[in-house]
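Listed here are the chains, written in short residue letters.
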Amino acid sequence: MKPVLIRGGRIVDPTQKLDGVGDVLLQDGKVVATGQGIGRPDGATVLDATGLIVAPGLIDVHVHLREPGHEDRETIATGAASAVAGGFTGVCAMPNTDPVIDNQGAVGFVKAKGEAAGLARVYPIGCVSVGQRGEQLAEFGEMVGAGAVAVSDDGHPVMSSHLMRTALEYAQTFGIPVADHCEDMPLAHGGQMHEGLVSTRLGLKGIPSAAEEIHVARDIILAELTGGHVHLCHMSTRGSVELIRRAKEKGLRVTAESAPHHFTLTHDRCEGYDTNAKMNPPLREAEDRQAIRQALADGTLDCIATDHAPHHYDAKEREFDDAPNGIIGLETALSLALRELVAPGLLSLLTLIERMSAAPARLWHLPGGSLRPGTVADVVVFDPAVTWTVNPAAFRSKSRNTPWGGEVLPGRVRWTLVDGRVVYQAAGQ
Amino acid sequence: MSTAILGKDLVGLEPLSGDQIRAILDTAEPFKEVSERQIKKVPALRGKTIVNLFYEASTRTRISFEFAEKRLSADTVNVQAAGSSISKGETLVDTARNLEAMRIDMVVIRHGASGAAQFLGARIQSNVINAGDGKHEHPTQGLLDLLTLRDHFTNLAGLKVCIVGDVLHSRVARSNIWGLTKLGAQVAVCGPATLLPRDIAELGVTVFRHVAEAIQWADALNVLRLQLERMTAGFIPSLREYNRVFGVTNERLARAPKDILIMHPGPMNRGVEIDSDVADGPHSVILPQVTNGVAVRMAVLYLLAGGSPDWAAGGGDTA
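Note that the protein sequences, when read in sequence, are chains A and B.
Heads up: the first sequence at position 111 corresponds to 112 in our numbering, and the numbers run straight through without jumps.
Heads up: the second sequence at position 2 corresponds to 11 in our numbering, and the numbers run straight through without jumps.
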């Protein structure tokens, strides 16, 4: 494979506390060197990154790629294409497909499809329980052997405290996190949006913040009981942030993510019954959004994960009660983070790359997340300043369900490289 | 043609101004008289086609709309959920587009999902009138309640109206809150905390936990129907206890400092949220509410069709 020299960009690598102009040399699928004035090896491809940011490729620990079962919404290949267009070099695919990914054969299918696509690295997540039914542990060991990097019943919470306890204990043999969707089901039952003034006005059944927080508190208590690694998915409330902060102060193995929509939007967005504002957990209040932003700044929340949730056009073109939850996020996440977190000065670029690349790699034991020599050559090169208009029809994703259609956002990916190969190049380059 | 009074659709009272609401009520006044005539018909909507699209069972509201439409000389079709393509799984938007392809002018929609009327209005060119959407709004019920109150109190500014019962699940409550506050009335709600929505006070209403307090305060009570399924869903322990604690009874009303006007949107659960001697008593305006419903719906249909209030004031006869 030809070496690639990324020349003259601003290198941002939190694992080396590096933020400065220089070159990055990639060869044989590895980072070979970072520094100034690296000579061009024979036959090397040169990417001129002058004025651009060069960072370890982004990693998203929470995406829904819909294959197998709902290939009309997304496939592993289109999801991986969407990922690299958004600067992601690795994505962790949630197992709530049809059928669910609860055995080694199914895990192998996802992994093979990801490798065949040859774009972003696709890491399968296996189910916590057989059939995601919340009763019997799935075969963690065999799934990890086939390539699973975590277990989760996402889409559903692990409601049984006994099952969650055993999952956290059993997962320790394999060194994988148990990622939980935190929602007290009886309390959230039938809810369509955040419970508050807006749900009262719209006459929609609300989901109180307490439904998430009760479950977060339980998971933290079980993490303490078991010493296991619990990863809390898509945190949305200020109360959850407070619980996680205290758990981290106690030194518990609790990690947590939040999604771009939760640091960008609030429940007001449901006005007019906009089904692209319907997600679970729901969009919350301004105080919650502020707490999420602050927690991403101070590290209480470890990483940004999109919860990329493709849905067919028809499915969202419905009454709010009947529309499915979720939006796609891979192609807008970096831009929203730049606008909402970096531009106001809450996060430096170095911290942003920590939350979107280094931390997910470190916490979930994934390759990449660093530009240290010897690391896999997964790199994103982006222009932080250029603006673009979100045109859902132009997405690489198969789905169009985004609340940001028509918005002008800053930051565009120029090149995405996986394993030292350019797998995405912005149009016109 | 004057479409200035209302927009294309009537989805709720929240988007309307006090002046718009007053204009509808003023337009309803002359239409009251039409229903008292020997020949209860004016030609105002002659040639207009109206579809009454009812996804939920309704007797009173559907019949009231149908009378209003017929007394304005419109051609009407009733589409019920049962026996239509609705029950075959066709989406709301497809049903509406198919109806519109038959060249209709208006759709009156009753639907179990909040926002359904607005959803429909945004997707078809016909006028859409919300006849109740989920727990959101029931604007013509709100308007007929306002008209009934205005008949008795003339001026609603400063009037104290308490909505009693299951506010959480009530579209009638929301339309009343918006309509009353926009006309300057003071509004309270009263009911078990399990049946009051979150942050309701932020809509500018007072919250009472005890009916006795509401009765001390109010000039009028609007008593909501308690759906029997609220008991199995765990919101209240029993209908019997509900009547004991939150029922509007003559015994409680006897302790009021003044006569209180009693309203109910129907259908009533006698002996649950309201006792029969209250419902049938001298201060009940429950049947005048029903009468006013036809007049208010005539006014809304007429205004959405582009009619002017001045013309309606002549009884709408001079087409």
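One should not assume that every hint holds.
To be verified - What follows is a list of derived Cβ distance ranges for each label pair:
{"#": "1", "chain 1": "A", "residue 1": "Gly191", "chain 2": "B", "residue 2": "Pro276", "range": "16 to 26 Å"}
{"#": "2", "chain 1": "B", "residue 1": "Ala131", "chain 2": "A", "residue 2": "Asp99", "range": "26 to 36 Å"}
{"#": "3", "chain 1": "A", "residue 1": "Lys18", "chain 2": "B", "residue 2": "Gly243", "range": "48 to 58 Å"}
{"#": "4", "chain 1": "A", "residue 1": "Asp315", "chain 2": "B", "residue 2": "Gly213", "range": "35 to 45 Å"}
{"#": "5", "chain 1": "A", "residue 1": "Arg373", "chain 2": "B", "residue 2": "Arg207", "range": "42 to 52 Å"}
{"#": "6", "chain 1": "A", "residue 1": "Asn392", "chain 2": "B", "residue 2": "Lys17", "range": "27 to 37 Å"}
{"#": "7", "chain 1": "B", "residue 1": "Arg207", "chain 2": "A", "residue 2": "Gly406", "range": "23 to 33 Å"}
{"#": "8", "chain 1": "A", "residue 1": "Gly273", "chain 2": "B", "residue 2": "Ala210", "range": "49 to 59 Å"}
{"#": "9", "chain 1": "B", "residue 1": "Val86", "chain 2": "A", "residue 2": "Gly406", "range": "48 to 58 Å"}
As the list claims (entries may be wrong) - Taking lysine-lysine and the DSS-like style, the derived pairs with C-alpha atoms no more than 27 Å apart in a straight line are:
{"#": "10", "chain 1": "B", "residue 1": "Lys191", "chain 2": "A", "residue 2": "Lys206"}
{"#": "11", "chain 1": "A", "residue 1": "Lys251", "chain 2": "A", "residue 2": "Lys206"}
{"#": "12", "chain 1": "B", "residue 1": "Lys17", "chain 2": "B", "residue 2": "Lys41"}
{"#": "13", "chain 1": "B", "residue 1": "Lys57", "chain 2": "B", "residue 2": "Lys41"}
{"#": "14", "chain 1": "B", "residue 1": "Lys17", "chain 2": "B", "residue 2": "Lys267"}
{"#": "15", "chain 1": "B", "residue 1": "Lys267", "chain 2": "A", "residue 2": "Lys317"}
Unchecked claim - Cβ-to-Cβ under 7 Å is the rule here; a few derived chain B residues that face chain A:
{"#": "16", "residue": "Phe162"}
{"#": "17", "residue": "Ile209"}
{"#": "18", "residue": "Ala210"}
{"#": "19", "residue": "Glu211"}
{"#": "20", "residue": "Ala263"}
No wet-lab data here; the hints were simulated from the structure.
Note that the Cβ used here is the ideal one computed from N, Cα and C, for glycine as well.
Hints, one by one, checked against the model:
A C-beta distance of roughly 25 Å is found between A:Gly191 and B:Pro276, which places it inside the suggested range of 16 to 26 Å. Separation of B:Ala131 from A:Asp99 is about 32 Å and conforms to the stated range, judged on CB atoms against 26 to 36 Å. One distance hint, 48 to 58 Å for the beta-carbon pair A:Lys18 and B:Gly243, holds here, with the actual separation near 55 Å. A beta carbon spacing of about 39 Å between A:Asp315 and B:Gly213 agrees with the range 35 to 45 Å that was offered as a hint.
Between A:Arg373 and B:Arg207, the C-beta spacing of about 50 Å keeps the proposed range 42 to 52 Å intact. Here the CB-CB span from A:Asn392 to B:Lys17 is close to 29 Å, well matched to the stated 27 to 37 Å. Separated by about 30 Å at the C-beta atoms, B:Arg207 and A:Gly406 satisfy the suggested range of 23 to 33 Å. For A:Gly273 paired with B:Ala210, a C-beta distance near 24 Å fails the hint of 49 to 59 Å.
The supplied range of 48 to 58 Å is broken by B:Val86 and A:Gly406, whose beta-carbon atoms lie about 36 Å from each other. Of the pairs offered as hints, the one joining B:Lys191 and A:Lys206 holds, with about 25 Å between alpha carbons and a cut-off of 27 Å not exceeded. Of the supplied pair hints, the one linking A:Lys251 and A:Lys206 is violated, its CA atoms being roughly 36 Å apart against a limit of 27 Å. For the proposed pair B:Lys17 and B:Lys41, the alpha carbon gap of about 24 Å is at most 27 Å, so the pair holds.
For the hint pairing B:Lys57 with B:Lys41, the CA-to-CA distance comes to about 21 Å; that is within 27 Å, so the pair holds. The suggested pairing of B:Lys17 with B:Lys267 is violated, with an alpha-carbon distance near 42 Å, which exceeds 27 Å. Proposed proximity of B:Lys267 and A:Lys317 is contradicted: the alpha carbons are some 52 Å apart, above 27 Å. This hint is violated: B:Phe162 has a C-beta 27 Å from the nearest C-beta of chain A, more than the 7 Å allowed.
Given the 7 Å rule on beta carbons, the hint for B:Ile209 holds: about 6 Å separates it from the nearest Cβ of chain A. With a least beta-carbon distance of about 10 Å to chain A, the hint placing B:Ala210 at the interface is violated under the 7 Å criterion. For B:Glu211, the interface hint holds, since its Cβ comes within 7 Å of a Cβ in chain A; the closest pair sits about 5 Å apart. Interface restraint check: B:Ala263 against chain A, minimum CB-CB distance 34 Å, threshold 7 Å, status violated.
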